[in-house]
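Protein chains: 2
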Amino acid sequence: MLKTSFSKLYRNTNFKQLKNPSLNLRKFSTTLERQNFKKLDEADVAHFKSIIPADDVLTSDLEFYNTDWLRKYKGNSSLVLRPKTTEQISKILNYCNIKKLAVVPQGGNTGLVGGSVPVFDEIILSTTKMNKIHSFDTISSTIHCEAGCVLETLNNYVEEKGYTMPLDLGAKGSCQIGGNLATNAGGIHFVKHGSLRKNCKGLKAVLADGTIIDSMNPLPKNNTGYDLKQLFIGSEGTLGIITECLLNIPAKPKFNDLLLVSCEKFEDILNIYKNIKLHLEEVIYAIEFFDNESLLIQEKHGRISPLEQKYPFYLLIETASNNPENQKILEDFISIIEPLDGVIAQDESQKKKMWEIRETIQEGASREGIVLSYDISLPLQHFYEVVEESRKKVGDLAKVIGYGHIGDYNLHLNICYDKFECDENFHKIEKIMEPFIYDTLVKYRGSVSAEHGIGLHKVKYLDRTQNQNSIELMKLIKRTMDPNNILNPYKVIKF
Amino acid sequence: MLKTSFSKLYRNTNFKQLKNPSLNLRKFSTTLERQNFKKLDEADVAHFKSIIPADDVLTSDLEFYNTDWLRKYKGNSSLVLRPKTTEQISKILNYCNIKKLAVVPQGGNTGLVGGSVPVFDEIILSTTKMNKIHSFDTISSTIHCEAGCVLETLNNYVEEKGYTMPLDLGAKGSCQIGGNLATNAGGIHFVKHGSLRKNCKGLKAVLADGTIIDSMNPLPKNNTGYDLKQLFIGSEGTLGIITECLLNIPAKPKFNDLLLVSCEKFEDILNIYKNIKLHLEEVIYAIEFFDNESLLIQEKHGRISPLEQKYPFYLLIETASNNPENQKILEDFISIIEPLDGVIAQDESQKKKMWEIRETIQEGASREGIVLSYDISLPLQHFYEVVEESRKKVGDLAKVIGYGHIGDYNLHLNICYDKFECDENFHKIEKIMEPFIYDTLVKYRGSVSAEHGIGLHKVKYLDRTQNQNSIELMKLIKRTMDPNNILNPYKVIKF
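Taken in sequence, the protein lines are chains A and B.
The numbering used here puts the first sequence at residues 1 to 495.
The numbering used here puts the second sequence at residues 1 to 495.
Bound conformation, chain A alone (with noise of 0.2 Å):
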């Protein structure tokens, strides 16, 4: 039988109000020089103004369109376009390609790197008014909507219907869908749905020259060629514009059932995850890790867990299907795996107050002082040795809480300082983690951007995870495609 320690499941579990809440500012300084682009003049407002309307042709109060979602990033476009139709962003790049004006792509802003805001003057050409569902086939549960939609618009949208977008964020209320192929977004139901990438059945894109690629052909099967529509996914922006998708919408499950469960070691864990592969495979919706330190940073800062006794590490293990007997599974699961401790969640209540122990931990570290937070991948064997090597490296510097989408081999590693002013101390810290995390990286193949990409912030990152040979194929499809170099320059590839 299952011992259910975590009985307190009702206590209060708001963080205290904090009187002074101080924001993680880090101001991000580059050394990059701006490329020999053309600069953008009135004759040039003047054609785009022949293209779209005067209104969406934006030239002043760019603050929003120039600023990143982190507030870390600052460019210096004095234009923003906002096109409607592949037509328009096609006359707009043939345009920029001919006379070298480069252009950022621009979705919901809500991505992590800096890709989607300038680095010095580029046009910013925002996706915000292609915003069109184009229809919804249920037939083949596939979706046809245009780049600009927005994430949480689309899932209420299919929702209606009894089905559910295949990812969730939680920059769903902004993000776009078009920003969301480009960086090929995860999420938290992942282990469930698979990448965007595979879900994605069809994509409409523009090319630097304004060449528009459609490969709309909504078959799960066509093995007619290059798969061309790869190319624009996850590549941020930097081959071409995607204007239009097609997604494949899975069915919403019926039911949702909802484990912790808690381990001494970080082995267990691993046994557990194999057994969720072998026994809970066609039910798993979510896999969430986190430690025990993780815990303790929200307590430490106001926030009381519901957990009364404590353990090295947990997991939180949801399962979704159409099957009455959802929570049984998970009953019998525990009998496969005899975790220390744990708890399947009893009603919504519940399951609301286990989730929040997980979504709450990156508030918990933010409260403590400035965070330097590591969103990678890696092999499941060394998940957690780098989190345990970073404690022994920083020591007393510092507190290092690992949690995040054990599922996907996602870790989300934090190392927490406790002031809010960059110190020496502080960049003492940095010194030690920065090389020690990505040669760890390395030594594992492990990823340095499991989900969030490489953007402006991790370009000098991109050889801890690709080789040389990897990083000149890139290059060579980004010259072939793009010679100027006018989409999203700078990110993703040093040139």
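If you are wondering where the hints come from, they were derived from the structure by calculation, not from laboratory data.
Keep in mind that the hints are not guaranteed to be accurate.
What the hints assert, rightly or not - With the Cβ distance kept under 7 Å, some of the chain A side facing chain B (calculated, not the full set):
hint	residue
1	221
2	226
3	447
To be verified - Beta-carbon label-pair distances, calculated as ranges:
hint	chain 1	residue 1	chain 2	residue 2	range
4	A	254	B	35	57 to 63 Å
5	B	132	A	476	26 to 32 Å
6	A	60	B	139	53 to 59 Å
7	A	476	B	34	27 to 33 Å
8	B	480	A	76	30 to 36 Å
9	A	139	B	421	37 to 43 Å
10	B	98	A	421	58 to 64 Å
11	A	439	B	138	27 to 33 Å
12	A	439	B	443	45 to 51 Å
13	B	381	A	100	43 to 49 Å
14	A	264	B	476	54 to 60 Å
15	A	45	B	271	19 to 25 Å
Built from N, CA and C at the ideal position, the CB exists for glycine as well.
Please arrange chain B on chain A, whose structure you already have, making use of the hints.
Relative to chain A, chain B alone:
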């Protein structure tokens, strides 16, 4: 309650032995001209012997390597190389690229579109000797193996451990995983596992100039630049030669069940399909379709159908899960869809009989005479239209049958002519059908090749599925990555 007039599942269902079984031999004639590649000489052969052992530099008895699976295409190569390592392939290609020697990569040589044999005298680079399984990690359920591993060997290997390969093909006893990846092979459980592209976690491939691209990071989430492995998957050896891979290996479900249902109208089939997606998504394992004409042609040629009562359309629905109530899920499903008639297999023998109905269709067709067989896919709304329209087009000249993997919109359309010689009437049929089928595919954005690829056979039809801009981009990529066009020339794209 379900009617079960499908009561004769135990009747003998073997085909009668034919006295003079005729092979469906229709030799391919090409109007292609040999491109200006270097002719192989003794110095070249001597050089290859300095890279790999002389035993694996074959210059005689090359019939098997020169002839394709259907015995329709025959090349004239005088050299087969069987390297054992990626590095050897790198050296071979580097030499070939410098010397401008053309190369055709070959796996199990089971392709159906002439992609794996030489057109003229291309050197055959066989991956047969690259058949090591490096590791199978049961924590991440990932296999690491070489391109030459035979699919069935891999399947036997993982099945012992409770897993199954994510694809299952008729040719599994001969086809190699490298060839499967190069052609993005489909198969019967595509609707469950998705494409091989989706199950490929990592790849190693060699470019035309010998550069090794190592994308073997075994990470589900890795958003670090362009996903290069996508270029090699499905490009049929024209952009690089796949030498190693990391594949996702799903657990083998404990319970399998099979439902055969019949319908009066194709619309009812679509309605069932929609309900499968809504209610069976987590357990669906295969969805196969056939029409009554597919059964009648089997019966005509001596295979007595186990189905006494006939209906226009049939669906074979397989579910698989770890749920002991798996069969009950199908019973519940029947009450939702209310088919005209149907039966759930009650034991393994019944399952086998039911699968045989579907699996012997192609043999039934080929006993009629010459078969024009199309492996196409198209939106489900138009799936059966093309069968009905074809029937109208050919009239009494031939029988038209429609069946296939409807779960992936994959139709096997067969025009069955009742003679074994290509006489005047047959040419008349061909003349009617070829433009009609491919024009219909253009109209509905279907695919001229759902799973078999383009190879040599369908090069001239590529433009029915891919528009001109897409083909131009494919050419640009091919020219960039293989400027001397040495990798599998004449295939996929026409230059």
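Hints versus structure:
1. 221: holds, 4 Å
2. 226: Since the shortest Cβ distance to chain B is 5 Å, the answer is holds.
3. 447: With a closest approach of 4 Å, the residue 447(A) hint holds.
4. 254(A) / 35(B): 57 to 63 Å: Holds: the Cβ-Cβ distance is about 59 Å, inside 57 to 63 Å.
5. 132(B) / 476(A): 26 to 32 Å: At 31 Å between Cβs, range holds.
6. 60(A) / 139(B): 53 to 59 Å: The hint (53 to 59 Å, Cβ to Cβ) holds, given that residue 60(A) and residue 139(B) are roughly 55 Å apart.
7. 476(A) / 34(B): 27 to 33 Å: Between residue 476(A) and residue 34(B), where Cβ atoms are some 29 Å apart, the hint holds.
8. 480(B) / 76(A): 30 to 36 Å: holds, 34 Å
9. 139(A) / 421(B): 37 to 43 Å: holds, 42 Å
10. 98(B) / 421(A): 58 to 64 Å: With Cβ atoms ~60 Å apart, the hint holds.
11. 439(A) / 138(B): 27 to 33 Å: Between residue 439(A) and residue 138(B), where Cβ atoms are some 28 Å apart, the hint holds.
12. 439(A) / 443(B): 45 to 51 Å: violated, 56 Å
13. 381(B) / 100(A): 43 to 49 Å: holds, 45 Å
14. 264(A) / 476(B): 54 to 60 Å: holds, 56 Å
15. 45(A) / 271(B): 19 to 25 Å: Between residue 45(A) and residue 271(B), where Cβ atoms are some 54 Å apart, the hint is violated.
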